Amino acid sequence: DTGVSQDPRHKITKRGQNVTFRCDPISEHNRLYWYRQTLGQGPEFLTYFQNEAQLEKSRLLSDRFSAERPKGSFSTLEIQRTEQGDSAMYLCASSMGRGETQYFGPGTRLLVL
Amino acid sequence: AQTVTQSQPEMSVQEAETVTLSCTYDTSESNYYLFWYKQPPSRQMILVIRQEAYKQQNATENRFSVNFQKAAKSFSLKISDSQLGDTAMYFCAFMKHVVGGNKLVFGAGTILRVKS
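Line order of the protein sequences matches chains A and B.
Residue 98 in our numbering sits at position 98 of the first sequence, and the numbers go up by one each step.
Residue 192 in our numbering sits at position 79 of the second sequence, and the numbers go up by one each step.
These are calculated hints, taken from the structure and not from any lab test.
These numbers were taken from a predicted model, which means no experiment stands behind them.
One or more hints might be untrue.
[Claimed, not checked] Reference excerpt, derived from the structure (chain A facing chain B, CB under 10 Å, subset only):
no., residue
1, Tyr35
2, Phe45
3, Phe49
4, Gln50
5, Ala53
6, Leu55
7, Glu56
8, Pro70
9, Gly72
10, Arg98
11, Gly105
[To be verified] Taking lysine to aspartate or glutamate and the EDC-like style, the derived pairs with C-alpha atoms no more than 20 Å apart in a straight line are:
no., chain 1, residue 1, chain 2, residue 2
12, B, Lys209, A, Glu100
13, B, Lys209, A, Glu56
14, A, Lys57, A, Glu78
15, A, Lys14, A, Glu83
16, B, Lys168, A, Glu100
17, B, Lys209, A, Glu78
[To be verified] These stretches of chain B come out as covered by chain A in the derived footprint (C-beta under 8 Å, 3 or more residues):
no., segment
18, 144 to 157
19, 212 to 220
By construction, the Cβ of each residue, glycine as well, lies at the ideal position given by its N, Cα and C atoms.
Could you build the full structure based on these sequences and the hints that come with them?
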């Protein structure tokens with residue numbers, strides 16, 4: 001059984017550009033989460049999907065951020081008009097159900113120049 | 114609001130010794146879950162141990178065990194027979210219920226260095 005995968009692993013972009021990240025959860029998991037982790041800090045929740053429905057969004061998720069999970073499988077996180085403050089590690093996790101352990105992917109490290 | 118506090122930014126331990134990492138949390142919920150995750154340098158976060166609040170027995174996974182004190186809202190991690198591969202950032206996390214599901218609230222982490 002493969003774990004959570006994320007692509008790309010690293011992304012360097014210039015301020016103002018759009019970027020998109022992909023997450024593939026563990027195949028039987030119906031719940032998918034996005035977190036953001038800045039250097040030396042713990043991850044912070046961004047958003048959560050149950051199947052294809054986006055059920056919760058953090059205040060951290062500004063209008064420049066959008067996440068989708070079409071067909072309840074993989075998910076994408078897009079950041080429009082990137083800012084230097086968006087530089088962080090973006091983590092994806094998935095779980096089987098409510099109260100179940102979340103398993104994390106390797107993350108996408110974003111650097112905005 | 115739920116918060117998680119890890120008061121030790123860094124810890125060191127000699128190989129084969131025992132070390133305890135501290136974590137306290139704040140919640141008004143009565144039934145919840147607590148976790149310790151490990152994040153080695155430049156590697157992905159992996160689950161170390163999980164505790165259900167309704168269980169009085171402390172969780173144990175091989176060399177890793179917790180001391181869960183519900184009344185004190187304390188959840189410490191004990192690592193026995195420390196190994197060099199235990200060197201990592203350790204995060205304590207509280208599972209908070211949200212609409213239709215849950216999310217994790219993490220502490221700031223403790224860097225653990227195991228020395229040979």
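Going down the list of hints, with the structure as the test:
Given hint, Tyr35 of chain A at the interface with chain B, holds; its Cβ is 8 Å from that chain's nearest Cβ, closer than 10 Å. The beta carbon of Phe45 of chain A is positioned within 10 Å of a beta carbon in chain B (closest approach about 4 Å), and the interface hint is therefore held. Because the smallest distance between the Cβ of Phe49 of chain A and any Cβ of chain B comes to about 9 Å, under 10 Å, the interface hint for this residue holds. The interface hint given for Gln50 of chain A is met, as the beta carbon of that residue sits about 5 Å from the closest beta carbon of chain B, less than 10 Å.
Using the Cβ-Cβ criterion of 10 Å, the hint placing Ala53 of chain A at the interface with chain B is satisfied: the shortest such distance is roughly 8 Å. Look at Leu55 of chain A: its Cβ gets to within about 4 Å of chain B, closer than 10 Å, so that hint holds up. Hint on Glu56 of chain A holds. Least Cβ distance to chain B is approximately 5 Å, under the 10 Å limit. Hint status for Pro70 of chain A relative to chain B: violated, with the closest Cβ pair at about 19 Å, above 10 Å.
Of the supplied interface hints, the one on Gly72 of chain A is violated, with its beta-carbon coming no nearer than about 14 Å to a beta-carbon of chain B, more than 10 Å. Annotation: Arg98 of chain A was flagged as interfacial toward chain B, and the flag holds, the nearest CB pair being 5 Å apart, inside 10 Å. Residue-level restraint check for Gly105 of chain A holds (minimum Cβ-Cβ distance to chain B is 6 Å; threshold 10 Å). Restraint check: the Cα-Cα separation between Lys209 of chain B and Glu100 of chain A comes to about 12 Å, which is no more than 20 Å; the hinted pair holds.
As the CA atoms of Lys209 of chain B and Glu56 of chain A are separated by approximately 12 Å, the hinted pair is consistent with the 20 Å bound. Restraint check: the Cα-Cα separation between Lys57 of chain A and Glu78 of chain A comes to about 14 Å, which is no more than 20 Å; the hinted pair holds. For the hint pairing Lys14 of chain A with Glu83 of chain A, the CA-to-CA distance comes to about 8 Å; that is within 20 Å, so the pair holds. Proposed proximity of Lys168 of chain B and Glu100 of chain A is supported: the alpha carbons are some 15 Å apart, at most 20 Å.
For the hint linking Lys209 of chain B to Glu78 of chain A, the alpha-carbon distance of about 25 Å lies beyond 20 Å, and the restraint is violated. Counting residues of the segment 144 to 157 of chain B whose CB falls under 8 Å from any CB of chain A gives 5; the rule of at least 3 is met. Counting residues of the segment 212 to 220 of chain B whose beta carbon lies closer than 8 Å to any beta carbon of chain A gives 9, which meets the minimum of three for the stated coverage.
Checked against the numbered hints given earlier, the structure breaks hints 8, 9, 17 and satisfies all the rest.
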